[in-house]
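Protein chains in written order, with my numbering: chain A, 295 to 737; chain B, 123 to 401; chain C, 8 to 288.
Hints may be right or wrong, so weigh each one.
The calculated EDC-like cross-link candidates involving lysine to aspartate or glutamate, where the alpha carbons are at most 20 Å apart (straight line), are [said to hold, decoys possible]:
| id | chain 1 | residue 1 | chain 2 | residue 2 |
| --- | --- | --- | --- | --- |
| 1 | C | Lys-45 | A | Asp-390 |
| 2 | A | Lys-532 | A | Asp-519 |
| 3 | C | Lys-13 | B | Glu-298 |
| 4 | C | Lys-10 | B | Glu-298 |
What the hints contain is simulated information worked out from the structure, not anything from laboratory work. Quick caveat, the model's predicted, so the values are computed rather than measured.
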Amino acid sequence: MKKLSFILLMALLCVFLLSSCGGMREGVYFLNFKPESAAAYNEIAAAYKNETGRSLRVVTAASGTYEQTLKSEIGKTDAPVIFQINGPVGYAAWKDYCLDLKGTKLYEHLSDKSMAIRDGEGVYGIPYVVEGYGIIYNKRILDAYFALPNRATNFQSVDEVNSFIKLKALVEDMTAHKAELGIDGVFAVTSLQSGEDWRWQTHLANLPIYYEFLDKEVDLGNKNDYKEIAFSYADRYKAIFDLYLNNSTTDPKLLGSKQVADSMAEFALGKCAMVQNGNWAYAQIADVAGNTVKPEEVGFMPIYIGVSEEESQGLCIGTENYFAINKNASPEQQAEGIAFLEWLFTSETGKRYVTEKLDFIAPFDTFDENEGPTDPLGKEVSEWLNREENYSVPWVFTVFPGQGFKNDFGAALLQYAQGNKTWEEVKAVFINRWKEEQASALQ
Amino acid sequence: MTHVRGKITTVATIAFLSLLCLLFVLPIFIVLFNSFKGQFFIANAPFALPNTDTFVGLLNYKNGIAKIGFFSAFGYSLLITVLSVFGILLTASMTAWYVTRVRGRGVKALYYALVFSMIVPFQMVMFTMSRVANLLHLENPLGIVVLYIGFGAGMSVFMFSGFVRGIPVALEEAAEIDGCNPIKTFFYVVFPLLKPTAIMIAILNAMWIWNDYLLPYLVIGSQYRTIPVAVQYLQGGYGSRDMGALMAMLILAIIPIIIFYAFSQKSIISGVVAGAVKG
Amino acid sequence: MHKALKKYFPVFVFPTLIPFVISFLIPVVMGIYLSFTKFTTVSNATFVGLENYKQLFSSGDNFLHALWFTVRFTVVSTLTVNLFAFALALLLTKGLPGTNFFRTVFFMPNLIGGIVLGYIWQLIINGLLSGLGVDITYSASYGFGGMILLTNWQLIGYMMIIYIAALQNIPREMKEVAAIDGANAWQSLRHITLPLVMPAVTICFFLTLTNSFKMFDQNYALTGGAPGRQTSMLALDIFQTFYGSVGSEGVGQAKAVVFFILVAIMAGVQLYFTRRREVDA
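Working from the sequences, and respecting the hints, build out all of it.
In structure tokens form, the structure reads like this:
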């Protein structure tokens, strides 16, 4: 008994002792936003340590929980040094924590200085990746369709499809021939599980809001311009969303448990011809076991929603990823954090990881033309970006309200898909939640 | 005649209960055979047994273990649970003895504060508690033990006190006359008598801490994942939820519990009942 | 002895008191204070009076919906769990062969944690509903049914064990006497068994009641509140308010205080019933 109680006491003592010093962990704390890059960042941290002897501690938040994680982490004594904000609205929420990065080499190397997040004279967020999204298609299946003798359209190639009306005609006729094409549906499943709905509540919503901003001549730098929104292109959103739902592989009533991974797997396995997503998704397509889509068969086309003169519209290209350095960290920590970012985007080793492992299109002048992305979707984005005859749709969703708005809009979309909400109700959710969240985010 | 009828009823009842038993374990078996199917064959047809097309062997287990770091999660869960349970047993039994044997207003107030803490829902303190834990650097698998000792104190002190009251004071006085100081008296005389209660309290606390999600998620979840936190994390991966890995991890999360149950089901069941009746 | 012991306060009480103060007392006091403020981190709290409380009772907030959902869920699960558990306990106290085995199996789900339980049932319920061409997010009533099913699976075995213990304490002679007096099975159950196991019934009712009322993990994993936040129970609603969007932490804390008051009232009622029973006995 004596022995036992002695052991117990010692154990307790150890707890109290170790807990006070166990809190110190090594390296600069980097709170990563991109779970799909988590593995790559761990490799990078190892390479960084190997080359410079300095260490980096990468923590990755689970999908849809970045704001929540950042909120609980940033108030801590051992807070993240490097974190990310997603644009002007993110900056408004976290401005008390953002260090001015104007004098850094990273900012100097930024190819287009106007892309950074600025407030007055200071620079508080530096974009680190340019991404594009649109409708990814499987060339093999489309060619099979174009070769059908009894089809109702007369497109010869996907390049002729340059408006919503043409897209709709193509998609609906493909649906009519889906048995011959060997697909379950034209579009991959519209994943609407909570946390898996960002392709719709954020990315797709970017288009109608972009055109509304264009009509109203909104200045993204002036937050009073988008405190409220009319959602004037709501019917266009509905049109494309309905097209996705009605020509999908899956019954709309089953969408509440579907995930992005399901969509990408369907595309990879050739069960559908198209899926809306961005160039970051290529790794996911390639990783699916039993993948039938070859790299050269993957293509990108713009998302047409049916606005006038959309024939020259391109992909949605922009960034929602800005690095920020925690203002409240110690100067040494801040310097370490900046040093890591500079190493990642300027050193040979760092750059190799950026293009090969992270598959980033990095917006820095340290990357020359042949140091672009190596995957087919990344290459397509670069190519679309350089097409003179097309205009890219910028990512205006960086001024969308926070996660609460997005989640509620996503949930309303699901209920609409299931037939439990009318489109008018969805529209009301969008407008009202926008107003409420923007009021608390931008105050 | 009645004898025959009785027999028929008995057989029917046993058949009914067996069926019910089957129904009770069925969910776990469904998860088990789904864990051997490819990840895209699960959500679509959860009730289909694996066949040559869908069987993937231990692939899901391999993926799941790698994705969430199952073994380190298991290690953290085990470490936190064992240390917390021992910590609670020791501190709560000592305090329980003190508060039952010593009279005074302060002691009484402490006792009632402890009992009161049993009814306060966790959501009431989740935010502020994680702040305090941060300020005191308790955000590691050892620091969280301190939090569990604090949260477990209410029920454990309450239950220990009930048993201490049943111990004759004469025993302790005899020890004192023999020259024992209170510490010796406690460990030589009182604590051995509390052993049956201690086992019960250990089981109740172990079940709670092993399965607890919110506290470890909020306090140490970003750096150290216990099993429930790891399972939930698998669910939240950015566009990468792997149903197969999820099934496999559910099974791996259940196995330790079933083993533990198989070895100590008698004390578990009696501990739970006694705990319920006392609480 | 007690005088000597009194001096040992630091040895015997501090190891409990210090963690208790850290993990409970300070957070409770801070929590009550913060419910009257607007804050994102504790350091930037500004006093706003009853603003947060007004907000949570306003029509736009999910709180009242969550409360109503929780109450309905608690009532249904308490009734079903206890009914099934009691029926099983009756069957398992008849001295049938294999009783021990059955008891062991029925109790087992109780040991599995809420998060794991939630995902097990999500798979099964979505599988069942796919026959109807929908899933659990289709309607709040599916989520409700799923929660009831899950809770029954988890708690029946537990309550059954308590009922068995109570039933086994009934003296055999009482039933035999009743049988001789010509009481049928129903009368004997109604007039002899039930009154004698009443204490166990009270315990089980309150256990199910508080368990269901405070449920979080199962709710979080099974439905996550879907569709929308329609199946969020109180604990989950508070969590979502806290961590769902920047700026509503004060409201979340106010909700937690109201939740706490409700739980405390339930505990008070339970205490009243238990006390009254002790006086009666």
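Hint-by-hint comparison with the structure:
no.	hint	result
1	C/Lys-45 to A/Asp-390	16 Å, holds
2	A/Lys-532 to A/Asp-519	24 Å, violated
3	C/Lys-13 to B/Glu-298	14 Å, holds
4	C/Lys-10 to B/Glu-298	11 Å, holds
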